[in-house]
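Number of protein chains: 2
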Amino acid sequence: MTSNIGYTPAEKGILIVLSGPSGVGKGTVCKALRSKAPELVYSVSATTRPPREGEVDGVNYFFKSREQFLQLVDQDQMLEWAEYVGNFYGTPRKFVEETLQSGKDIILEIEVQGALKVKQKFPEGVFIFLLPPSLPELESRIVGRGTESEESIRNRMSVALEEIRLMEHYDYAIVNDQVDLACERILGILTAEHCRKDRMVSKIKHWMAEVNH
Amino acid sequence: MTSNIGYTPAEKGILIVLSGPSGVGKGTVCKALRSKAPELVYSVSATTRPPREGEVDGVNYFFKSREQFLQLVDQDQMLEWAEYVGNFYGTPRKFVEETLQSGKDIILEIEVQGALKVKQKFPEGVFIFLLPPSLPELESRIVGRGTESEESIRNRMSVALEEIRLMEHYDYAIVNDQVDLACERILGILTAEHCRKDRMVSKIKHWMAEVNH
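Protein chains in written order, with the working numbering: chain A, 33 to 245; chain B, 33 to 245.
Be a bit skeptical, because a hint or two may be false.
Because identical chains share one entry, a pair is satisfied inside a single copy or across any pair of copies.
[Said to hold, decoys possible] Cut-off 16 Å, straight-line C-alpha distance, at most; resulting in silico cross-link-like pairs (EDC-like, lysine to aspartate or glutamate):
| no. | residue 1 | residue 2 |
| --- | --- | --- |
| 1 | Lys153 | Asp212 |
| 2 | Lys126 | Glu182 |
| 3 | Lys229 | Glu200 |
| 4 | Lys235 | Glu43 |
| 5 | Lys229 | Glu195 |
| 6 | Lys58 | Glu195 |
| 7 | Lys96 | Glu169 |
| 8 | Lys153 | Asp108 |
| 9 | Lys68 | Glu200 |
| 10 | Lys229 | Glu99 |
| 11 | Lys237 | Glu194 |
| 12 | Lys237 | Glu200 |
In case anyone wonders, no lab produced these hints; they're calculated from the structure.
In this text, all values refer to a predicted model and were calculated from it rather than measured experimentally.
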């Protein structure tokens, strides 16, 4: 009768997938989370693009040859992958699963289509959709980058609208009105997911069994 | 295209039901929550017991005659009720519903059987079960009151075990290892519930409709 039902090392971690339309600020929120929640692990992508100066294998990316990358795909070792400007990018399953097994939570920041692919392979993940405070605000964030033509902005807005319709497939949606608030909401969701009854019941079964013998 | 999808006054509040075995510290946690989260409304019970000195109708309790109380029961205006030492105690539906309609969250602290009755009438509530850090710890909290015989303690522990089995019917379970942590978990759950996709979709429908016309 001495066991404790706080968080135990035996508990598996939670995969949080943070997604949302381009321009919504996924990267900024994730960066802020890194300093607010250093105990969270951040998923490392694999890529076939050559390392840039200062990039470290296993930290910034897992650097792979095309052959290695495609072999991992064949072995169902990529939770999702895509080709972008001639290079492959993907999310290695092994790093995610090993982190979860070690009892740590891991966060994966990814665009909307990629997130839905991850959901097919990893439905037990917690899928969070990041929303802009309003559509005009999203537009001004895209315009604010100053790098795009009017047509390109219109095009990106229409893609963003299509993507927002896909939030239906997510568990949660949070508004990125202030980065700090968005982080708090993500950490609140993480806390809540750890407290879900089913998670706790599986702990208490062990605890009750000890008590009943 | 000017609407905002942060929390709006149009959004209904959430009913949080906090329950758990006697001795687990529900009252202490609720008291701490009151100072940490003054924006939360606390459910006010109805009772037929006469007001004590300083107690204010509508603040400490809604004071009712037996006739008034039973009439409310007949009109299905009590989410749950029970008789205790010759007096009736219950949770008036009207106060809860009016608070939720005003967009505020309301918390109801209640014993396990009462919570399950509330769930029958109010399944959209969020039901949180408070657990002791361990059974020996619960026992020492009951013993610590110093007012009970050994038989009474054994009896209360066996009731507590029965009640812990009922956590199956709850949405979340949290451990009351430290009052501050328990409060944080409750507030995390509340944040998460506000960010549930279905809640947000119903907001964004309005938002998307504005965009599409």
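Query raised in the report: Out of the numbered hints, which ones does the structure contradict?
Result: 1, 2, 7, 9, 10
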